[in-house]
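Participant: Modelling step: build the complete structure from the supplied sequences, incorporating the hints.
Each protein sequence line maps, in turn, to chains A and B. Following the working numbering, the residues of the first sequence are numbered contiguously, the last one being 388. Following the working numbering, the residues of the second sequence are numbered contiguously, the last one being 388.
Keep in mind the hints are simulated off the structure, nothing from the lab. Mixed in with the good hints, there may be bad ones.
The list treats identical chains as interchangeable, and a pair is accepted whether it falls inside one copy or across any two copies.
[Said to hold, decoys possible] Subject to a maximum C-alpha distance of 20 Å in a straight line, what follows is the list of computed DMTMM-like cross-link-like pairs (lysine to aspartate or glutamate):
{"#": "1", "residue 1": "K247", "residue 2": "D105"}
{"#": "2", "residue 1": "K341", "residue 2": "E132"}
{"#": "3", "residue 1": "K11", "residue 2": "E43"}
{"#": "4", "residue 1": "K16", "residue 2": "E320"}
{"#": "5", "residue 1": "K11", "residue 2": "E278"}
{"#": "6", "residue 1": "K11", "residue 2": "E67"}
{"#": "7", "residue 1": "K349", "residue 2": "E324"}
Protein chains: 2
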Amino acid sequence: MPSSITSKLDKFRCMKRSISEINLDPLQRGGILTPEARAALVEWGDGYSVCDFCEGMLDRVRNPPVEEFVHEILPRFLDVDDVRITHGAREGMYAAMHSLCDAGDYIVADGNAHYTTVLAAERAGLEISYVENSGEPEYTINPEGYREAIRDAADQGYRVSMAVLTYPDGNYGNLVDARRVAEICHEEGVPLLLNGAYSIGRMPVSARELDADIVVGSGHKSMASSGPIGVLGAKQEYADIIFRRSKSKKNKEVELLGCTVRGAGLLTMMASFPHVLERVGRWQEEVDKARWFSSELEELGIEQQGEKPHNHDLMFFKSERLYEISKSARKGRYFLYHELKDRGICGIKPGLTRQFKLSTYLIPREDLERVVSAFHEIIEMGSRVEAE
Amino acid sequence: MPSSITSKLDKFRCMKRSISEINLDPLQRGGILTPEARAALVEWGDGYSVCDFCEGMLDRVRNPPVEEFVHEILPRFLDVDDVRITHGAREGMYAAMHSLCDAGDYIVADGNAHYTTVLAAERAGLEISYVENSGEPEYTINPEGYREAIRDAADQGYRVSMAVLTYPDGNYGNLVDARRVAEICHEEGVPLLLNGAYSIGRMPVSARELDADIVVGSGHKSMASSGPIGVLGAKQEYADIIFRRSKSKKNKEVELLGCTVRGAGLLTMMASFPHVLERVGRWQEEVDKARWFSSELEELGIEQQGEKPHNHDLMFFKSERLYEISKSARKGRYFLYHELKDRGICGIKPGLTRQFKLSTYLIPREDLERVVSAFHEIIEMGSRVEAE
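Facilitator: See below:
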């Protein structure tokens, strides 16, 4: 390589992460590693270390105890027949869509679906019919909308081969009545995939109780794992198709290309699992804390959107006040980002003031009090500047 | 969860890896982390840490300097127009096949192809026509075989939309004349994908010089990275298709489902890259060492298969002698595994004696001398036992 390139390489040798003391980023709250997972990363960091004693199938590795984790622990945890490890929730959705749907089919998805639902469908050659949300301020999804959307697509001559519900969605943190959605989809003869990227690992999710046919979860989003990694569970009839074996490579599953997370990420998920199980049991505390935080911000005139009272740590807020302040602020629409950063707080997207999302997940109440005070100060200060 | 499960969880909290001092596993030699990568793992271990300052595209993240790595450094390193990060070589092959071929098409692959080539093709709905190897002892692939295989499939009415060459293959470590294969494929109007899982990051590979249209590499196999992670490079005309944007999510690439390695693995690849670049420059030393090791084992009657003189650290050996010994050994066919393990050596698959593969990559010559002595002792000992 020319020296013009090699001289640039030194910076790769020591890359430091710079984040604030309090991180409100919904994407990151549930993926912070446990000390056990951090130790596992170092112990198993080398490429393919998981495969020291592999006999041909990742999910059957006994040392480390992957087989027990994948075939015993996770099916109990998700309350579903069969589970595999994936590269993430999106890769799980794609695997399910690619194996259960045919190109040209329609799927029905909630209007709050994550962009990766759209990409997974597009990659699999599928079209999407949406169940629109109710709009401001709650943006809820009516389960009955699934029936309409399925019938509309069918009436137009399309085959609807899957329904997807984002549980909760990643914008408003709304938890739709999944049990009812499943019931409706099944009445219409369509299997339901539940995208639990923000629920599995945070709150109790039983695929059986919700009657979801397929569930996907995200290790890096909600299971204290070093990503990318996820879980994909399915009822046996769908698992048989999704996890089908190769015609010529008898112990390899086609849709997973043999093995998925053949690295340390899997060990971090396993190492964090006892903690994840325990925190799922304390979910109600997180809901209570989120509700309290929401009410504190609302007292400052920052309005929570989405379901109220809220049932999840991921929340969407709206503030005309902060938006007004930004108009005359020296740093313009970046003022909120910088003001929070100066107070040791990050995770709200730079440039946002009028509406933004955040998560209170696993943040101690004292820290959230600091966040509330910060918003209070920023609004006060902004009002003074405007008055001058 | 029932207590019968929770009582099993303690073992997940502290999982230790147990490997020998000298590891000959070809799968693992090139994936051992550098100290810099190990530090990056700890620093960036948390789920989605790479996304602290993401503006919507993983490969455009500037802090850490992912954009520079993916769009400037890697294209120079692979000598190809456009590069993206994937979950691994197999996922790169699938992305290329899925986007460039149509279900029902044929691909032509070398008879030594890795099983993941087969899975990627099967997942994409493709059939494979093989260029058979020459058989014992060299198992070479004749580039002219590609022309025959392409024409045969075409004569039978199939569309051949891709050729794959495994460079080197993962059984014999043979390096086919890729330049010539590319020439033939292009004469027949078929693009060539080069699977460099065992070359990229070990030896110099220039896609441009070899005239490969698409190249895939493996971070965990050959780029000192914590997997799963890989690279996928392509000439612009193919990159435009493989890395096409979503119809509705404008800054997301469909085939990558938006982002691929959105975690610490990417940072380990970046952190190890200065070392990888340097070691690629010392490749000839590794070839010389492999040849010396091969000649030492041959003196013990353990015959190297594949190309001779050999051009790669991955080698396949055959030994009727060890096989004979195993017949009367107390541990049967597992005797070799245990005898080597007792001498601090691992990486040859348990149960193999008559034929096995190994790699000498980055193993100091002194350690390889220990391996040679170990084989010498094991054969001597076995001969004594037989004589008794």
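Participant: Determine for every hint whether it applies to the structure shown.
Facilitator: Structure-based check of each hint:
1. K247 <-> D105: between (25 Å within a copy, 17 Å between copies)
2. K341 <-> E132: Intra 36 Å, inter 62 Å, cutoff 20 Å: neither.
3. K11 <-> E43: between (25 Å within a copy, 15 Å between copies)
4. K16 <-> E320: neither (36 Å within a copy, 53 Å between copies)
5. K11 <-> E278: between (40 Å within a copy, 15 Å between copies)
6. K11 <-> E67: Close across copies (13 Å), not inside one copy (40 Å); limit 20 Å.
7. K349 <-> E324: Classified as within; 18 Å inside a copy, 67 Å across copies.
Against the hints set out earlier in the document, violations occur for numbers 2 and 4.
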